[in-house]
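There are 2 protein chains.
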Amino acid sequence: MHVVSARERLLTAALDLFAEHGVSGTSLQMIADRLGVTKAAVYHQFQSKDDIVLAVIDPALNRLGPIADEAEAQRGNAARREQVLAGVVDLVVGFRKVSATLSFDPVVMRLVRAHPALRNLQRIRRLLGGTAPDPGSRVRMAVIAGGLMMAGADPAVTGLDDEDFRDHLLAAGRRILKG
Amino acid sequence: MHVVSARERLLTAALDLFAEHGVSGTSLQMIADRLGVTKAAVYHQFQSKDDIVLAVIDPALNRLGPIADEAEAQRGNAARREQVLAGVVDLVVGFRKVSATLSFDPVVMRLVRAHPALRNLQRIRRLLGGTAPDPGSRVRMAVIAGGLMMAGADPAVTGLDDEDFRDHLLAAGRRILKG
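If you're matching them up, the sequences are chains Y and D in order.
Counting in full-length UniProt numbering, the final residue of the first sequence is number 179, and the numbers go up one at a time with none missing.
Counting in full-length UniProt numbering, the final residue of the second sequence is number 179, and the numbers go up one at a time with none missing.
Derived from the structure by calculation, the hints contain no laboratory data.
Be careful, since some hints might not be right.
Claimed, not checked - Per label pair, the in silico range of CB-to-CB distance: (1) Ala114(Y) x Asp162(D): 29 to 35 angstroms; (2) Leu35(Y) x Glu8(D): 51 to 57 angstroms; (3) Gly130(D) x Asp16(Y): 32 to 38 angstroms; (4) Ala171(Y) x Arg7(D): 43 to 49 angstroms; (5) Asp58(D) x Ala100(Y): 26 to 32 angstroms; (6) Asp33(D) x Ala79(Y): 53 to 59 angstroms; (7) Asp33(D) x Ser48(Y): 33 to 39 angstroms; (8) Leu54(D) x Gln74(Y): 44 to 50 angstroms; (9) Leu35(Y) x Lys39(D): 46 to 52 angstroms; (10) Asp33(D) x Thr158(Y): 43 to 49 angstroms; (11) Arg7(D) x Gln122(Y): 36 to 42 angstroms; (12) Ala78(D) x Ala171(Y): 16 to 22 angstroms.
Unchecked claim - Negatives, chain Y to chain D, calculated, CB over 10 angstroms: (13) Arg9; (14) Thr12; (15) Leu35; (16) Gly94; (17) Leu111; (18) Thr131.
What the hints assert, rightly or not - Listed below are several chain Y residues computed to face chain D (Cβ distance under 10 angstroms; list not exhaustive): (19) Phe104; (20) Asp105; (21) Gly136; (22) Gly146; (23) Leu169.
No experiment lies behind these values; they were computed from the predicted model shown.
In this text, a Cβ means the ideal position worked out from N, Cα and C, and glycines have one as well.
Build the full structure now, drawing on both the sequences and the hints.
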């Protein structure tokens, strides 16, 4: 049985409020009110709103390194590319709710840009596009990077279940990448 | 002979400063200093910084309607889709510098979201994805929308000339869209 911790309840309430008011428009007091606890109880879990946002986005950003590791362990560029595509697609599907809520939020973007795990994006891009890509590969790289990054937040996919979303996202990625 | 107007000089200086400091970090005084004119001279051209940003993004957003019009004038879904793809690709290529500078800027996003021409994005999405798209088409729609939107701002394509960028972007779009 999964017992929902106070921390998880807080993050769920915060994400709901971020979706309604944006991160900047959400205060720790609003999160406390939503949970029916005191602001001190919120502070007991998180020192600041940035810490709450980081607790939401860290699990996604911290997947980037292992995704690159697993792909680099494959033999051959085609297998590496397929592995890294599958890893990124799983990440997009797994964090589609977070992505739809927090994409484009200026507070989130500031924290993402400063996040140490972001360096792994360069590894992932090399795995997808090669180390010395020709112009066509560079453009395909830009399209797939933007397409995967934005897909989870796109209203067109809201009604799809995770399995359909994953299968079709993989298929779209393979269409773009195939040489 | 193309005479560069005071207005064009001002917009060029503003865009350079936006690239260096972000829109929020750029004041009308900084724009005046860059041009060697008084702040009053800047006010003579534009009432506010929002007006300057709108003068930069309006030409791009105001292309969305004509792009949809031209595509809707074609016969058959395939021809419409090809026409709208070509129109959006031209737009991305034509505004790649603006896109690389202003994408993700919170001031810009606020103005884009409130812009009346944005309603034409729905027409463009219908032209690309159809009126009652299946799950696969919806995912491809999300990928191509995000991919095209982000491609102009991607560092991977910075070194490409416009013609190469356009050709490869069209090719990538066709790969995703072909049924």
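Take the C-beta atom of Leu54(D) and the C-beta atom of Gln74(Y), compute their distance, and say whether it sits inside 44 to 50 angstroms.
-> holds (49 angstroms)
Can the suggested window of 36 to 42 angstroms be confirmed for the beta-carbon pair Arg7(D) and Gln122(Y)?
-> holds (40 angstroms)
Evaluate the given range 46 to 52 angstroms for the C-beta pair formed by Leu35(Y) and Lys39(D).
-> Check passed, 48 angstroms falls within 46 to 52 angstroms.
Using the beta carbons of Asp33(D) and Ala79(Y), state whether their distance is inside 53 to 59 angstroms or not.
-> Holds, since Asp33(D) and Ala79(Y) (Cβ atoms, about 55 angstroms apart) stay within the stated range.
Ser48(Y) and Asp33(D) - C-beta distance against the hinted 33 to 39 angstroms = At 36 angstroms between Cβs, range holds.
When you take the CB atoms of Ala171(Y) and Arg7(D), is the distance between them in 43 to 49 angstroms?
-> Holds - the Cβ-Cβ distance for Ala171(Y) and Arg7(D), about 48 angstroms, lies within 43 to 49 angstroms.
Grab the minimum C-beta distance from Phe104(Y) to chain D and call the hint holds if it beats 10 angstroms, violated otherwise.
-> holds (6 angstroms)
Consistency of the no-contact label for Leu111(Y), given chain D and a CB cut of 10 angstroms = holds (13 angstroms)
In terms of Cβ atoms, is chain D entirely out of 10 angstroms range of Thr131(Y)?
-> holds (12 angstroms)
How does the Cβ-Cβ distance of Asp58(D) and Ala100(Y) compare with 26 to 32 angstroms: does it lie in that range?
-> holds (28 angstroms)
Against chain D, with CB atoms and a cut of 10 angstroms, does the hint on Gly146(Y) hold up?
-> holds (3 angstroms)
Over 10 angstroms to the closest beta carbon of chain D is the bar; see if Gly94(Y) clears it.
-> holds (16 angstroms)
Of the hints listed earlier, there is not a single one the structure fails to meet.
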